[in-house]
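Enquirer: Listed below are the residues making up each chain.
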Amino acid sequence: FYLTPPQVNSILKANEYSFKVPEFDGKNVSSVLGFDSNQLPANAPIEDRRSAATCLQTRGMLLGVFDGHAGCACAQAVSERLFYYIAVSLLPHETLLEIENAVESGRALLPILQWHKHPNDYFSKEASKLYFNSLRTYWQELIDLNSGETTDVREALINAFKRLDNDISLEAQVGDPNSFLNYLVLRVAFSGATACVAHVDGVDLHVANTGDSRAMLGVQEEDGSWSAVNLSYDHNAQNEHEVERVKMEHPKSEEKTLVKQDRLLGLLMPFRAFGDVKFKWSIELQKRVIESGPDQLNDNEYTKFIPPNYHTPPYLTAEPEVIHHKLRPQDKFLVLATDGLWETMHRQDVARIVGEYLTGVHHQQPIAVGGYKVTLGQMHGLLTERRARISSVFEDQNAATHLIRHAVGNNEFGTVDHERLSKMLSLPEELARMYRDDITIIVVQFNSHVIGAY
Amino acid sequence: AAGMFLRLLSDIQWRAAHPKWRRMTSSQRSTSTTAEPHPVSLPAQAQVVICGGGIMGTSVAYHLSKMGWKDVVLLEQGRLAAGTTRFCAGIVSTARPVSVELKMAHYSNKLYQQLEQETGVQTGYMKTGSISLAQTQDRLISLKRIASSLNVMGIPCEIISPKKVVQLHPLINIHDLVGAMYVPEDALVSSANVSLALATAASRNGVQIHERTSVSHVTVQKGRVTGVETDRGRIQCEYFVNCAGQWAYELGHSGEEPVHIPLHACEHFYLLTHPLKEPLSSSLPTVVDPDGRIYIRNWQGGILSGGFEKNPKPLFTEGRNQLEIQNLQEDWDHFGPLLSALLRRMPGLEALQIMQLVNCPESFTPDMRCIMGESPTAQGYFVLAGMNSAGISYGGGAGKYLAEWMVNGYPSENVWPLDLKRFGTLQSSRTFLRHRVMEVMPLMCDLKVPRWDFQTGRQLRTSPLYDRLDAQGARWMEKHGFERVKYFVPPGKDLLDLDHSKTFYKPDWFDIVGSEVKCCKEAVCVIDMSSFTKFEISSTGDQALESLQYLFSNDLDVPVGHVVHTGMLNEKGGYENDCSIARLSKRSFFMISPTDQQVHCWAWLKKRLPDDSNLVMEDVTWKYTALNLIGPRAVDVLSELSYAPMTAEHFPSLFCKEMSVGYANGIRVMSITHTGEPGFVLYIPIEYALHVYNEVMNMGQKYGIRNAGYYALRSLRIEKFFAFWGQDLDAFTTPMECGREFQVKLEKGMQFLGQEALLEQKQNGVYKRFTMFILEDHDTDMDLWPWWGEPIFRNGRYVGKTTSSAYSYTLERHVCLGFVHHFDEKTGEELVVTTDFINQGEYEIDIAGQRFQAKAKLYPFSSLFTQRRRKDEVELSGYQRE
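Chains as they are written, first to last, in the UniProt record's numbering: chain A, 1 to 454; chain B, 1 to 882.
Hints should not be assumed to be uniformly reliable.
Said to hold, decoys possible - Ranges of calculated distance between the beta carbons of each label pair, as one might list FRET restraints:
id, chain 1, residue 1, chain 2, residue 2, range
1, A, Glu-419, B, Gln-47, 52 to 60 Å
2, A, Glu-419, B, Gln-853, 33 to 41 Å
3, A, Lys-117, B, Lys-277, 53 to 61 Å
4, A, Glu-385, B, Lys-277, 47 to 55 Å
In short, the hints are calculated from the structure, not lab data. Built from N, CA and C at the ideal position, the CB exists for glycine as well.
One chain only, chain B, in its complex shape (with noise of 0.2 Å):
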């Protein structure tokens, strides 16, 4: 029985229709058993050496060589598509609730539907579309929001009553379903043969391909690839790319320099049975039964199903290696909740006779999305693993971005939700992947709500006054390890618990907020801020200055004890970090990021910092803790604690100064809140930060200070319109397109990085603007709540999608900004977007399928600004971020 299963995965009949590639690889299998084991050595050197020949690999070779990249070896330990790529079930699904992951899968969808096509290898491509159920009115609106955004993407899809359900798939059990999701076009293909024609392909196009080859480790030499260390032999070349699947780890730490990729595997069941009395027809839709936590598709007349259970057995975490997957021992035990529900779902199914339950291991991520991109420590050393049981939907997708990065420099899309640099070492514990994967791998089926927090994996990296803020009712999340405060919990309040705390709409801590942030407008409150990422730059000379005005495209150089908000910028003017940057002293200076920079920004400049041991780049996040004083009584507070004179005449906004607070010296104050309120930050030599949290906390008392968390900072930031980097802003995304043209000096006598495409775009125009919308019939306490993600549609027709939104407790509105496009409404072209475009629009936003008109806005109302403001300082916070 098992044999049928296989020789379906991988039917060998396609080797000798291409006896080209034949010649090329070893053929072991084949049957002429004459030929040697390794008739053709390995080339001494090429461009690119590609590592695993699962879907993943056979991709990325598949596209490099499209794109005219032909000098690509590609090596696999075992056999090709033997891994997980063989046992994996082969649906391709669209239905991604993270926009990049659905254009991927979009992608992979149309490429396979044409793959037998183009190589004349079967692929099994088998369109039968898919259905999502939902058991409860949540899920329902998990669905409905996943179907808002593949509409405006133009992929068919449409929300249908049970009834409906029934009729499209007679087995269904609907009597416990309120609605389902339709996807017509979601296909099956078989995984293996789909990975073998694009090794096919690739061949053709000159791409090398050597089986029973494996990689013992990448070398590196002064940050660069230069070779692969084989089991037969050694290959220079200039770029390596690690496709190793769940062995991506252990491959990634094998070198001397290691290279994290932080990924675990778990073992993944899925049933296979004989077919039915009357077979089921190869066009019925695959299912997909969340709540159940299962997925059922039809395979050779009977069915393949298998789900994501509560307690995953995550294996290999000790890192035990082997050739090829063989089958792990079946756990009928731990199938069988999946099986109840499967016969739940589908009753009629009792008698139908079991032929295999198949464990194929799938790796997985700490953050349930997949992770590609470059080595942030060695140049050429490229990375596309950690599937998330979703290689075969991502795999044309994901290996093009990977291709179009290698040869372009960067993707046709925003992968930073994607990118190996949104990690750092701290997530490459074995620990920790162990536990992180055992919660990510049951939330493939968990209701997706806004504000979800990770459980394991947790107090990693703290701020010193952590139990501080602990005992007084802090509830924490995290971010790139780091916990932060979201709210306080005043005492005698009780929250909902975890479970009972999801939700779509207005949620618990609504009022705990809303007197958080009315403390920050009357009085002031304290938030701890010491997540951020914290870099020094200096040199000896003015090595610094000139390094930085090259990268950053606002004018750093102004007088000592100015802070400056600055993108740094790519070649096409969009923002790779936006960032906050004093200058301590002339040839000193102090850089503020978002703390999911620190892998990603510190890459970034020292890969573009000259080579010169008198110019020093440090990162000193862990040196300082920070404390952001927010509110009008702020001054007042810290005048009293310094005994120095902090208002406007004495203290500017938009400076920084090294003072004493209480009895600590050398305190860095900065005239900045990130919020646009008054204030300072407080930059504290954590040795300080207790006893300067202390003073701070007492001396407030009389002014009525209170603690507050990022919830506040967040719900006073967007009201303001202020956008923050890797929610609103990305790397596609430029100054001009934001309204930050302010923060751009093109005139500042020298070249900067992105100055041409910044040009060019201040002369044609933009053709994206970020805009701020007032929901207008919104009614907080009984509909949904947007989050980001939501369609925009002007005049009733789909502009953009919003990137993030809260509620303003000034203006009693929900606020949502995102960007409008002008696509011309023939040929979907994309035009120029000009004030008058947006200004002169009807909007509405689509939250779940239901739209609520919008008021749209270009500039923040003054009104919420307490201070009058220098026309400078309009914008003077300009820069936000979560």
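This is chain A alone, in the form it adopts within the complex (with noise of 0.2 Å):
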């Protein structure tokens, strides 16, 4: 059994989406041109979630990834509502005030969002007057709150992140009458997912980050050569200073087993996730919980087992670490990733890829003959030449696309091959998990000139 090329392509291409920023909206011109996205599940069904939106009451362009883990719950719902909060967290007090009174007196609200979505990327129809609710509550206490300071982004982003992941877990308490919400509330809380997420407003990127997917910045040297910076540190066993941090919360006496076999308690990878709260809440709370919901979740072996050596929780939380970086022209593009891009290519890699994937296709430009004297031979030399630059980038139109097709065609020699992808791509469901993991890009293109005029 072989996948043809063809095959191979609608697989990898299944999920792809591409958005092109307009220039100029009407209010602002934009330092980012577009993004591309993509997909590839390893998990059935896919684990990863991934979101982008324009804010519409302030400035910026929001793009997160999140990848799920025992279950696609929460990533799901983190993937729905973290945008909201942090666009709320974001908002200066009088529009929270407008809003407030249009809600109250039954008028149309603001748009707070431009949400870019794939025609896969769906919304819990269900579950959205809770999650509503939640949210009002919070701009309410905010508006409450009123400060009158001007919000700091990096401050906003770790509101929302700490903000959601409490209403995530104060939901599952409180429960809902309605049976499916109220399984829907307790499966987000019991599994967990990690949040890689990019504010671009002008020449300032601020990444929150928490858990293991990353945020990387292609930046093109001045010799034309590509290189990567990071934008954000994985929260896992191979982060020193993670490791001291969750030591530092927790008494000696369990300095042995809170790290075990690069895990967190020998079982969690990421040390920051949303929901999980099995690493958040006492014992008895879970049991309280447990006993009280529905069957599905009392025969759910996951869920009833309690983590070894469980003594002074919470051991997780979903705060996110933020670095600002300030755009500078030679920054071309960032990719955020799930991890599983990062167990396959090194960040230098992903950098050259994507950077001459780009570059490639810019540079590349269709020839036209137009009115000019061009014979047969002339144009046949300059084809031949064309082709020799060019390797596997043209069948290609989407740069996520792109980097996994080299994530999981690669051979040894660093080249695509066509063999090694359609095996990879053909293995059934119950394989594929042991090859790969589920893998979400987004590759965010940046506007150098605009950048450059800053």
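From the two separate chains plus the hints, produce the assembled complex.
Expert: Laid out in structure tokens, this is it:
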């Protein structure tokens, strides 16, 4: 059994999405040219999620990748909700008041976000009311707290992350009279998700990261070569500071059991995450919620299981680390990706492959004869030369797809091997997860001219 | 520069010369700017509405009006001949591998030649001839095969040496050529002007033409076309003809009841150059270099050259609509390999200056054959589209056949290979089409070898046993979307990969199929035949029997449990279908027909069965898995599994009974094998399929059972002289012409369809006769293998063509089946073919120009039948199919 190149392409391209930002949207000149995103599932269903949206009441664009574990419920909820929490955190007091008044009097609400979604990126209709109520409570509190200060992006990001995780936890404790929703909020809380979110506004790039997804900046050096700059730190056992932090937060007696086999309490790979109340709630609370919960929850061995050496919860937080970066003209693109990509590719290779792809696409303008005098021989020579320059680049119209093709199909020489690609993509569901993880990638391209003009 | 080109193609002078026509159409484009956009309103009704003003639409209009149908309206959304027709390269080439396509192209050529004289419109017709080049021996063989069939049609054609090529066309580099085919009468035209000429003639005959009028959808009531909705109002009509080219698919889907027209557009590129220093002569032949994937014609002193690349670019998958095909983007990088091939073929052109690279989408179909005919679901809805980039070559002939179809009920030629009803809904998925045309377009230039299987769009319909069989080494082919086993590769044996297995000689599976055949002859084999079309027809009273007695030529009023082989004939006595019908009870019948009959047979019966709610016809194809147990030990396997005696006394041949096999009950067992060998076919409700298969294989072990595929079946059947529908039999063949009189009951006490024609044939004799040929001096290992379509010569004179062939492992000879005609030596008139005429001749079969002696037989070898048979069993499985 062997997939033909068109079949391979149709698998790789099934989830690809591209968005071109209008250069001038009526208010601002955007520093973002656009983005390409894509996902390749290994789990069935895929546990990764992605989101992208333009803030409508403030400036800037939000992009994020979310890697779920123990199911996709939490990643799904975070992908739907987090950007609203961030957007609300960024809103000035007057706008918050305006929104609240509109809701109060049943008037049409100001739109907060413009989503850029692939048809497969869905929102849960059933939970929208519940989610909205929680969000409203949040902005009501912000209104009450009115500090009068202008909102700092870093703070807004941290607050939004923490608040959403808190709401997830609360909703699960309170429950819902609707049995479907009740089970949903419990599944959201008992599963987990990491999040890596970028906020781009002019030259100000903020990356808020919780967990082991990663943000990386592609920089073009003066000699044209490509290098990578990390804009996030992985929250896992490989990060000394993270291990240190966890140890600081718990008594010395637990030092030996906190991190085992590179996992938190010997169980969890990421050291920060949304959901995962098994690592956050007290044992009593966990037992109470599970016992009063629906049967499906009680029958689930995973949710019932209490982590070993569980003495001083919480062990896990959703608080992100935020890195601020001033964009420079040589910063050409940003890659946000879940660990499925970084497990298979070094960031230096990612920078090179995306960089060459993007410049290739730009430099390789189509040839038009127009009114020029060109002979067949000259054209032939020109085409031969161009062909030598292009590799597999032109097969993809999407930088994220191109990156996935390399991540899955690269042979030991760093070039895409169709046979390998075909084999990896035709793995049966139950085997796929052993050879690769879900991969989600967003490649954001910056407008160097705009950035240079700042 | 581009302007020059466009002016050439759409010379507007012709309009001035025909003011009458001009009055009736919008003339936005003409100089008289005072003209309103739509000076003439649409008629409220017409007999025929044609959608599409390209070469197809105008050709249909032209031929309809010539045949006397004048109440015809042609609608074009943009301007006449402004789509693919305008941009097409204008090469009229008759070198086509499919016989009916060849005939269409031949007719088109003759039509275009006299069109200018007939209409006064300049068509740019120029008889230049064409040269097809061969870079390999295999290519030369395929050219020789085409040359053979051109020659017997009286079309001049010769295989020439590379030296001769240079004499015909001085620019060609011949160092890598092994030979070529020269067709001196092929021509060049300006395709847009041909289309305009046809429109002019049609318009003079009374056809109304309206430009800038687009059809939004076609209305259908009670299964009949009733009218057309356009952006300028509604036209009531009885007939609608969809000639919308690459938009035909979308238009077909726009109505409430979709008409599935499986085609998909691909970008197609060709290059135009400025004239050479010494301008090329306009009579220089067109060059086709299939190994280089290109064609080259002279154009205005320079050249026009395009091709069919390996990596086509499909477009409009999402159905983006646009009025006229504006020049799409030129893509030089994409054209690069073709440019290399061009400069390799004509290195002298290096210094020639480029004028333009034209991007002109062409539509392609899933099997590389065009689409014509009537919709199976909407009567009066006709289609002509999907020309696979040969629109100008087919245009005249295709328009003629379609017009004949509409006026007379059927064309004058067998067009089943092009019939829309060969497809069903299953070929109309956008994804399927997109993937398939990416395979089809390169195939235009690929070597066409026997037994080619498409690689895309596979594993769509499968038997429940698919995985089991696949794990046992099954190699698959596809028919009507259904995966069928060709043969089983034994463990440890490797076959050649796809590219290397292409051959015109002995194939690599020869021994594998040989051992499967041997097992069928000596022990027992099982073949999964689930793909066959299966209908159940039943009624509360006698309606089913009465209707079927009228629609089928054999007598179906047989005792319950009997199986009848019978033709489903048309008024002329020709086979519309060839099937087996089992009488399940007094009032219900189970009908088995070839796989690709699913749509055609359904439509044929639906149209003719009485509209009676007490008479029910159901397509149960998907409900049953069919296992064919072939061989002398089949009877042992089955009786052990069912604890029922299966010998001839208890279970005579052509018998059908529901019984239990293993644990499974309600298995429909029929004593037919479609091969003439002893055995049974089991029709198994699909949920029992795996169980019954496992039981059969386990029990069969001690009898030496093994799996077999369709190649073994074909060899067995052809050596026993069984014709099959779609290959040997068609709507122009009657039972009398293929020795099937015994399947016709002229005196069954009631009238049936085709009876009169058959009675007349019985009295007056037949004009062709189905004959079996045994190749005498053919070396299976060394010589080219016959396929089908090879000319048959009797006493050195052409008498017909073969329709199928196979190697007989029993006779150790090749067997060809085909039709023998009797053409009068002087006049060429067709005469009656008698048994004596067949028997008293010396025969030869022409395989790619080489003739082999053949022995003609009108009856199969009785020695091949292992069992002694009753007289009426001689032809016991006289129906066969691929």
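Enquirer: Please list, smallest to largest, the hint numbers that this structure does not respect.
Expert: Going through the list in order, the structure violates hints 2, 4 and respects the others.
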